[in-house]
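Peer 1: We have chain A already, so just place chain B with the ligand on it with the hints.
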Amino acid sequence: MPKLTRRAFGLVAGAAAANLAMPAYLRAQGKPRAVVVGGGAGGATAARYMAKDAGDELDVTLIEANPKYTTCFFSNLYLGDFRTFDSITHGYNTLQSNYGITLVNGFAEAIDRDANEVVMADGPRVPYDRLLVSPGIDFIWDSVPGYSEEASEIMPHSWKGGAQTKLLKSKLDAVEDGQQIVMVAPPNPFRCPPGPYERVSMFAHVLKAKGHTDSRIVIIDPKPTFSKQGLFEEGWEKHYPGMVEWYGPDVHGGIVGVDPSTGEVETDLDTFQGDLVNVIPAQKAGNIAHVAGLANETGFCPIDPHSMRSKMDDNIFVVGDACIPGDMPKSAFSANSQAKVAAMAIRGDLVGSRVFPAKYSNTCWSLIETDDGVKVGAQYVGTDEKISSTSKFISQTGEDAGTRKATYEESLGWYSGITSDIFGV
Amino acid sequence: MQTGTRRTPWMAVPVAILLATSPAFSGEGDPLKGEKAFKACKACHKVGAGARNGVGPHLDGLFGRAAGSLKGFKYSKAMLAHGEDGLVWDEAALDAYIADPRVMIPGTRMSFRGMEDEATRADLIAYLKQASVHNPVENPSAEAPLRAEMGAAALAIEGDRDYGAYLATECVTCHQITGQTNGIPSIVGWPKPDFVRALFEYKTNVREHQVMKLMTVNLGNEEIAALAEYFSSLDPQ
Ligand SMILES: Cc1cc2nc3c(=O)[nH]c(=O)nc-3n(C[C@H](O)[C@H](O)[C@H](O)COP(=O)(O)OP(=O)(O)OC[C@H]3O[C@@H](n4cnc5c(N)ncnc54)[C@H](O)[C@@H]3O)c2cc1C
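So the protein lines, in turn, are chains A and B. Numbering follows my numbering, with no gaps: position 313 of the first sequence is 313. Numbering follows my numbering, with no gaps: position 165 of the second sequence is 165.
To be clear, the hints were calculated from the coordinates, so they are not data collected in a lab. Wrong hints could be hidden among the right ones.
List time: in silico DSBU-like cross-link candidates among lysine-lysine, alpha-carbon distance up to 30 Å [to be verified]:
1) Lys36(B) to Lys405(A)
2) Lys52(A) to Lys405(A)
3) Lys192(B) to Lys386(A)
4) Lys74(B) to Lys129(B)
5) Lys238(A) to Lys213(B)
6) Lys392(A) to Lys74(B)
Chain A extracted, bound-state conformation (with noise of 0.2 Å):
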C-alpha cells in the first residue's frame, strides 16, 4: 500500500468516501489524466493552469518527493539577510484545496513508457495519459574531484532549496574577520547562471555589515566569463573593493580538485584554503530523465520547441531545468513559462482545447547590494531547430540610484507574482 497522506486524497475525497480503499490517482475517473512528476517552479505551474483552465474535463495529479518547496530563487536575498527563509517556503494546499489537483507525496522511481504509468519508490504505480516532468537536476559529483554527496555537508553547494540552504546560511554566519571564502562555480549549463555571482554578492554583503572587510571570497570559475559580468564587477568594485577575486580558467589553469577535510580547492595556479568552501558542481537533468531515457548524451532532455514535448516520447513532455531549452537560460521564470505552454498542449491533446504558437519569457533579477538590482531578460519563439530569442535587455553599467532601487523592487514584485502563479491563490 502506498504511503499516502490525506492530503493525497486531494478534492475528490468526496467522490472517493464510497471508495477509500484505492487511492485516488489509482481509481479510473473516465477523465484523460494528465499526470506531472516535480513540484516545482515548472511542475507545480503546469499542473495549476491545467487543472485550472480545463476544470472539470481533466483529472491532474501532482507527484512531489517533499512536502515543502523551498525556492532557490531569493535564497541568495536569505542568506543575505533580506528574506527569512519560511517567506520562501511554500506548501501545496492551495493547489489542492483550489485547483482540485491530486498531490501525491512520494519519490517516482521509474517510468513504465510502455504502459503509461510512473513506477513510485514504495511500489504503487500512477497512470497518465500525458506526463509532465520537471524534475530539475542532479548533480554530476565527481566533476569536482574529491567532492560527493557526504562532502556536500562540510562544503554545501547549496544549489538545491531546503536543508542545503540552512547550511551554507550558518556557514555563512560563521565566518569571522579575515577569513577566506571559497567557491567553485559550475561549468555551463546551469541553473541561473546570475546564480553564483549574485551569492558572492551576498556573501559580500553580510561580511561588510558586520564590518568584516578583511575577508575575501575567492571564485574559482571553469567558464572564461560568466552572465552579467559587467555589472558584478562594477558592483563588486564599488560596494566591496578588495573583497571580491573572481579567476577564470586562464588565470587558475583547471580546478584539481577539493578536500573537504582540509578545506583545500587546490588548482593548477595555487591551492586556495576556504573556511568556507561553496562548490557548486557540474548539473545534469533529475535522475528520473535518466531513468526514464528522456535525456540525450548532454545530460538533458530535448523537446519539440513549438510544445515542450519530448523528443523521446509522444506522451511525455518536459519543462524547466531538465530539458534543453535552446537560447533559453535555466531559470525559474523559464520554467515557469515552459509550463505554460507544455499545459496548452497537454489540454490540447486530451480535451481539444484551442493552441496558439508557442512564446515564452524570460527575466532574471540579481541583488548586488542593499537597493542595487540588476537584470537580464529575453523573449522566445519555438522555431523547428529550437526555442530561439527573439528579442532582449540587460541593466546597463553606470545607471543611476534610482533606476537600482525600482529594479530591486520590481524583484519583490515579481517575487510574490511568480509564487502566487506557481502555488495558486
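Peer 2: Leaving out everything else, chain B with the ligand in the frame of chain A:
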C-alpha cells in the same frame, strides 16, 4: 511590500483628527501648485467637467463620497470593504491614502507608490477640492469615443479572449491575476482604451521601461486587442 513600516497606518490616526472638518495637516495648500502635483494622478484619474472613469475612478464629487462607491467601476475587494465600513473621502482620509495607499488600504489595486511630501499633498488636496465640484459625464464607465490616436487600430479589432488568456499567461508571472500590487502595477479590470494606450506607449518608447518594452515589442494589433479583451474582463480581488 516594504513600505509597511514607514508611516502610521490610517487606522491609527486619532478619530478626532479624521472627524475634524479642517485638514489634519497644517496650513492650507496652494491649488495652483496642486494642479501640477496632480500630474502624478492624471494618467489614471480624470477630474472636472465631463470626467470619465479610466484606469482609476473619476474624482468628481470626491469629497463626501464613500470609498469605492462609483457604480460600474471595478474596485478591489479591499476598497469596497473600506467603503462598507464607512470610509468617506475627506481631506484627512485622502491625505493618508495618497501618502501611502497600501498602508492605508492593504490590498488596494491603485498602483501608486505614495507621495511623501506633506506640503505637496496639501497642495494637491486643495486643487482637488476646487476641481472636483464639477459633474462627470452621464455614464462615466462607458468607454470614451475612439479618437484617431495611437492604438486606434488595435482598439477597433474585436479581441479574441481565448488568445488573450493564453498571451496573458506571460504577463501574470509579474502582474498578479488578483490585481494585487506590490512592486509591479495592477493591470486587471482596466478599460480597454487605457490598456491599449499603455502597451503602445511602451512599444514606441513614449514610456521607457526595459521589461515592458521587451513584452510589447513583438505584439501586433491582434495580440494587443486580445490582451485588452482578456484583462478588461477580469475582476480584481
Ligand atoms: C541560488 C539560486 C538562485 C536562483 N535565482 C533565480 C532567480 O532569481 N530567478 C529565476 O528565475 N531562477 C532562479 N534560480 C533557478 C531556479 O531555482 C530553477 O531554474 C527552477 O527551480 C527550475 O524549476 P524546475 O521545475 O525545473 O525544478 P525545481 O524547481 O528544482 O523542481 C523540481 C521538483 O521536483 C521534485 N522531484 C525531482 N525528482 C523527483 C522524483 N523522482 N519524484 C518526485 N519528485 C521529484 C523536487 O523535489 C523538486 O521539488 C535560482 C537557482 C539557484 C540555485
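Peer 1: Work down the list of hints and note, for each, if the structure agrees.
Peer 2: Quick rundown of the hints versus the structure:
no.	hint	result
1	Lys36(B) to Lys405(A)	holds (25 Å)
2	Lys52(A) to Lys405(A)	violated (35 Å)
3	Lys192(B) to Lys386(A)	violated (35 Å)
4	Lys74(B) to Lys129(B)	holds (24 Å)
5	Lys238(A) to Lys213(B)	holds (29 Å)
6	Lys392(A) to Lys74(B)	violated (34 Å)
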